[in-house]
Amino acid sequence: MTADVKIQIEREIDIIAARQAGRQLAGKLGFSSTDQTLIATAISEVARNILIYAHHGEIVVGAIEDGPRTGIQVIANDEGPGIENVELALRDGYSTKNSLGLGLPGARRLMDDFALASEVGRGTRVTMKKWRR
Amino acid sequence: MPVPILKQGDTLIASIVAALSDDDLLTFRDDLAQKIGSVRARGVVIDVTALDVLDSFATRTLRGIAYTAKLRGAETVIVGIQPEVAYTLVQLGLTLDGVPTALDLEEGLALLAKRRAAR
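From first to last, the protein sequence lines stand for chains W and U.
Residue 22 in my numbering is what sits at position 22 of the first sequence, and the numbering runs on without skipping anything.
Residue 63 in my numbering is what sits at position 63 of the second sequence, and the numbering runs on without skipping anything.
Derived from the structure by calculation, the hints contain no laboratory data.
It cannot be assumed that every hint is accurate.
[Said to hold, decoys possible] In silico contact screen, one side only, chain U against chain W (beta carbon under 7 Å); selected entries:
(1) Ala19
(2) Ser21
(3) Asp22
(4) Val53
(5) Asp55
(6) Ser56
(7) Phe57
(8) Glu84
(9) Tyr87
(10) Thr88
(11) Gln91
(12) Leu92
[Stated by the list, open to error] Okay, the calculated bits of chain W under chain U, using three or more residues with CB under 8 Å as the criterion:
(13) 32-38
(14) 64-73
(15) 103-115
All C-beta atoms, glycine included, are put in the ideal place defined by N, C-alpha and C.
Start from the sequences, fold in the hints, and give me the full structure.
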C-alpha cells in the first residue's frame with residue numbers, strides 16, 4: 001500500500017504541487033494518462049477553492065481499495081468559513097467570490113465519487129474518489 | 001516564471017513552457033496586451049503544448065487573454081492543447097468560445113495567415 005501524501009495549501013504554487021502529487025500517485029497506481037489528467041485537474045479545482053475561501057488548508061491523496069478495485073482518494077480539508085448552502089455551492093456558475101474557477105461542480109464532474117461535508121464557521125471537507133478502469 | 005513573447009513579422013508567439021501560477025498568467029495577459037501595441041502585432045499564437053493541466057481558472061484566463069488581444073487588434077490562436085487536456089475540458093464543460101485553436105505552432109501560423117489573406 002502506498003503511503004498517503006499530504007500537501008499544505010497556503011500559496012498558489014501549492015496548487016501545482018498538489019496536482020503533481022496526485023498525478024504521480026495516480027500514475028503509480030496504474031491510471032491511464034487521461035485519468036491522471038482528470039484527477040490532477042480535479043485536485044487543482046478543489047485546491048484553488050481552499051485558497052479562495054479558506055486561505056489555507058491541505059490536500060491528502062492516497063490509494064484506496066474496494067475488493068478487486070483500486071482507486072485514488074483525494075481529501076481537501078480546510079478550517080475556513082464553511083459553506084452555508086451546499087446545494088448552491090455545487091451548482092454550476094455559482095460563486096460567492098466571483099472567481100473564475102468552476103470549483104466544486106467542476107471537480108465533481110471529473111471524479112467518480114464526490115462528497116462534501118461542511119459546517120459554517122468550522123470548515124469544509126471534500127472527499128473524492130476515482131476508480132481505475 | 002514569466003512567459004517569453006517572441007516576435008515574428010507582425011505575429012507574436014508565446015510558448016508557455018511550464019505550469020503557470022495564476023499570477024504568472026495575469027502578468028502574461030498584461031505583457032501581451034502591451035507588446036501587441038509596441039510591436040503593432042496583428043496576430044498572436046499561444047502555445048500550450050507543455051501544459052499537462054488546464055483547469056477552469058487557467059482556461060478562462062486564456063480565453064480572457066485572447067479577447068484582450070482581439071480588442072487590441074490582434075487575433076489569437078491557441079495551439080498545442082494535449083489530447084488528455086482536451087478531453088478534460090470537455091468533461092468540465094468548458095469552451096474557448098470563438099477563440100480559434102490549431103494542432104501546433106505551424107498550423108497556428110498557417111491559420112493566422114489564411115485569415116489575414118481572407119480579410
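Interface hint status, Ala19(U) versus chain W (Cβ within 7 Å)
Holds, about 5 Å.
Checking C-beta pairs, does the stretch 103-115 of chain W have three or more residues closer than 8 Å to chain U?
holds (count 4)
Using Cβ atoms only, decide whether Phe57(U) comes closer than 7 Å to chain W, and label the hint accordingly.
holds (5 Å)
Grab the minimum C-beta distance from Thr88(U) to chain W and call the hint holds if it beats 7 Å, violated otherwise.
Where the cut-off is 7 Å and the nearest Cβ of chain W is about 5 Å from Thr88(U), the hint holds.
Would you settle whether the hint for Asp55(U) is holds or violated, based on the nearest Cβ-Cβ distance to chain W being less than 7 Å?
holds (4 Å)
Given Ser56(U) as an interface hint, is the shortest Cβ-Cβ distance to chain W below 7 Å?
With a minimum Cβ separation of about 4 Å from chain W (threshold 7 Å), the hint on Ser56(U) holds.
How about Tyr87(U): closest beta carbon in chain W under 7 Å, or not?
holds (6 Å)
Please count how many residues of the stretch 32-38 of chain W have a CB within 8 Å of a CB from chain U and say whether that reaches 3.
holds (count 5)
Going by Cβ atoms only, is Gln91(U) closer than 7 Å to chain W?
holds (6 Å)
Restraint: Val53(U) near chain W, CB-CB cut 7 Å. Satisfied or not?
With a minimum Cβ separation of about 5 Å from chain W (threshold 7 Å), the hint on Val53(U) holds.
Against chain W, is Ser21(U) within 7 Å by beta-carbon distance?
Since the shortest Cβ distance to chain W is 5 Å, the answer is holds.
Answer holds if the nearest beta-carbon of chain W is closer than 7 Å to that of Glu84(U); otherwise answer violated.
holds (4 Å)
Checked against the numbered hints given earlier, the structure breaks only hint 14 and satisfies all the rest.
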